[in-house]
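Undergrad: Sequence:
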Amino acid sequence: MCGISGFVSPNNQLGIEDLHGFNLVQSHRGPDFSDFFYDNFAGLAHQRLKIIDLSSNANQPMLSHCRRFVMIYNGEVYNFKNILTDIKKEDPGFNPVSTSDTEIVLHAFVLWGKEFVNKLNGMFAIAIYDKETKELHLFRDRIGIKPVFWIKYDNCFAFSSELKALSKNKTIRQRLTVNNTAINEFLHLGYIPAPHTIYNEIKKLQPGFAGTYSNNEFTTYQWWNAKEKIESEIVKDEVQALDKLREIVESSVSQCLISDVPFGTFLSGGIDSSLVTAIAQKVSANPINTFSIAFSDSKYNEAKFAKKVAGFLNTNHHEFEVTQNQALEWIPDLMSIYDEPFADSSALPTLLVSKLARSKVTMTLSGDGGDELFMGYGAYTWAQKLNNPLMKIAKKPLSLLLKSGDSRKKRVSHLLDTPSDKVLKSHIFSQEQYFYSRKELKKLLNRNYYSEFEVEETFSNIARKLSTKEQQALFDLLYYLPDDLLVKVDRASMKFGLETRVPLLDYRLVEFALNLDENLKLKNNTSKYLLKKLLYEYVPEEFFQRPKWGFSIPLGSWMKEELFNFANDWLSEDMIKKHGIFEEEYVADLKNKFYKKNQDYLYNRLWQIIVVNMWMEKESK
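In this note's numbering, the protein residues as written are 442 to 1062.
Calculated from the structure, these hints are not laboratory results. The beta-carbon is built from N, C-alpha and C at its ideal position, and this holds for glycine as well. Any given hint might turn out to be false.
Listed next, with one range per pair, are the computed distances between beta-carbon atoms [unchecked claim]:
1. 525 x 888: 57 to 63 Å
2. 662 x 893: 25 to 31 Å
3. 681 x 465: 32 to 38 Å
4. 595 x 967: 55 to 61 Å
Cut-off 25 Å, straight-line C-alpha distance, at most; resulting in silico cross-link-like pairs (DSS-like, lysine-lysine) [said to hold, decoys possible]:
5. 609 x 936
6. 1034 x 1059
7. 575 x 555
8. 883 x 1034
9. 964 x 1001
10. 611 x 560
11. 677 x 973
12. 883 x 609
13. 670 x 685
14. 748 x 670
15. 880 x 1032
16. 884 x 1032
17. 1062 x 1018
18. 530 x 560
19. 749 x 723
20. 973 x 1001
21. 685 x 723
22. 749 x 936
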């Protein structure tokens, strides 16, 4: 994994000094080697984290053998040896000078042009500059594991792995304005969905998209579309499905272990990380390294389960006990790590476990993706319930009734309060109950900051009719996964120069899951049914007879205790007035309900306000 950046600037608004600046800002992503290419028309900069072929032959920017193309890329293409075999069939004279995937990927582009990307299996953000035509090509992987940001202004185009590389550039910064729509989306979802960023002028290249900058135009197109991979027929046979699942997962994990540096796995003791760890250990000759976090608050402490799984698999297990103070120390850094408002509090333990892992290894495997592909969230059950015709009739009176209940019932009442059946059918139920509805945003935000936005997903032109649960899972795959979970993992791990691979997001597994009978995902109230069946082939079922906690922290209780003064400062009347985004009375009412009326579920909404104010404060300096 690495940090990439660059520009096309024929009028020399951007130059060598800017390439150095890009690299400096992203140096944490690739601490092993730094270099750039510049020809007075375009520039490419690269920070390298050495994983495959540690020699200088694999350094980037890399020139093609014909010397026409220059490439930089972030990520890994796991099937590069298979691609080399295909290359040799068409170009028998091609002899790589390195053993890296970079050289193979570049020559694949030379041979097959833009269509080469369909051959790649991995996580990647690729930039290729054609010195002859003066065109720049960008490619992002199917699921959005690796990030790409871009901006076009005047006669210039620039891109980078992280938003800060662009936003801190003095030439670019003077053109940036805050995106009010993005603030609304963040408060509604907890993250800012692609292609938007917190700035109007900077965009995210969407997952499965590519783009070409030529003659001062940047034209994007979708080269992989999850909806197009949904087929009319589904896999219903459990034995057949389990065999196929086993084949793909074992292949994916094995491919993800290709490395010339020490590696390990993140092990929470949950279903997904345990499955990845079990297979990684199965195909490894020696005990692999595993890493987990232990929380002082026992409710959030899954470390004992991780230790139990690690002991059964005989891994070399490393456990890091996190105190509240150690976690809290990272809160002021969140804005500089994530660059834009980001509300996922599990970013804190992810940062801490990444720091621990980096002290032992350079590459890790994560279990991300299992919940979205195999219906691991309780929200999928709610999605089905809320789409029931009787529920639609009863939702308004039921909402009023539940509002007088405990925190959990109040969250559910929030779901029932949604104004539109269109939203109820297709919206992200898992977030709606925690964050702000559209109706609430009109009350929360100063009218100068309120903005209409579209985050619903349409499900037309799909080969078969999707159930409500399937719609919800697809929404999460298209938005929540790339714009929240994968952002969290990328920024947290790359903060410490740690590569994190996600074998459960192999595109073969994604396409398989999209066409798997939902009853093999959520069966008799058992979530991730088929994935669990596979796991129990490696680890005893009794290890997992417990409620799902997720990788979270007791943020709500911290905000009433250790973080009380911190939260109070960022939610103060003075701070609300200073930035002018939120209505003072509405914020005061939320604080009163949370702190004095014990409506504990509101902590997420107050945290969002804190995050926005923290970001605005940093931005104003």
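Undergrad: Look at each hint and say if it fits the structure.
TA: Hints versus structure:
1. About 59 Å separates the C-beta atoms of residue 525 and residue 888, a value consistent with the hinted range of 57 to 63 Å.
2. Checking the proposed 25 to 31 Å range against residue 662 and residue 893 shows it holds: the Cβ atoms sit about 27 Å from each other.
3. For the pair residue 681 and residue 465, the supplied restraint of 32 to 38 Å is violated, since their beta-carbon distance comes to about 53 Å.
4. The hint said 55 to 61 Å for the Cβ distance between residue 595 and residue 967, and at roughly 57 Å that hint holds.
5. For the given pair, residue 609 sits about 17 Å from residue 936 by alpha-carbon distance, which is consistent with the 25 Å threshold.
6. Straight-line distance between C-alpha atoms of residue 1034 and residue 1059 comes to about 28 Å, which puts the hinted pair past the 25 Å bound.
7. As the CA atoms of residue 575 and residue 555 are separated by approximately 15 Å, the hinted pair is consistent with the 25 Å bound.
8. As the CA atoms of residue 883 and residue 1034 are separated by approximately 19 Å, the hinted pair is consistent with the 25 Å bound.
9. The hinted pair formed by residue 964 and residue 1001 fails the criterion: a straight-line CA distance of about 39 Å is larger than 25 Å.
10. Restraint check for residue 611 and residue 560: not satisfied, since their Cα atoms lie roughly 38 Å apart, outside the 25 Å limit.
11. For the given pair, residue 677 sits about 17 Å from residue 973 by alpha-carbon distance, which is consistent with the 25 Å threshold.
12. With a C-alpha separation of about 32 Å, the suggested pair residue 883 and residue 609 falls outside the 25 Å cut-off, and the hint is violated.
13. Restraint check for residue 670 and residue 685: satisfied, since their Cα atoms lie roughly 17 Å apart, inside the 25 Å limit.
14. Between the alpha carbons of residue 748 and residue 670 the distance comes to roughly 38 Å, so the proposed pair goes past 25 Å and is violated.
15. Distance check on the hinted pair: residue 880 and residue 1032 sit about 19 Å apart at the alpha-carbon level, within 25 Å; holds.
16. The straight-line distance between the Cα atoms of residue 884 and residue 1032 is roughly 15 Å, inside the 25 Å bound, and the hint therefore holds.
17. For the proposed pair residue 1062 and residue 1018, the alpha carbon gap of about 17 Å is at most 25 Å, so the pair holds.
18. The hinted pair formed by residue 530 and residue 560 meets the criterion: a straight-line CA distance of about 15 Å does not exceed 25 Å.
19. Proximity of residue 749 to residue 723 is assessed by CA-CA distance (about 17 Å); at most 25 Å being required, the pair is judged to hold.
20. The suggested pairing of residue 973 with residue 1001 is violated, with an alpha-carbon distance near 37 Å, which exceeds 25 Å.
21. As the CA atoms of residue 685 and residue 723 are separated by approximately 18 Å, the hinted pair is consistent with the 25 Å bound.
22. Between residue 749 and residue 936 the CA atoms are separated by roughly 29 Å; this puts the pair beyond 25 Å, and the hint is violated.
Comparing the model with each numbered hint stated earlier shows that hints 3, 6, 9, 10, 12, 14, 20 and 22 do not hold.
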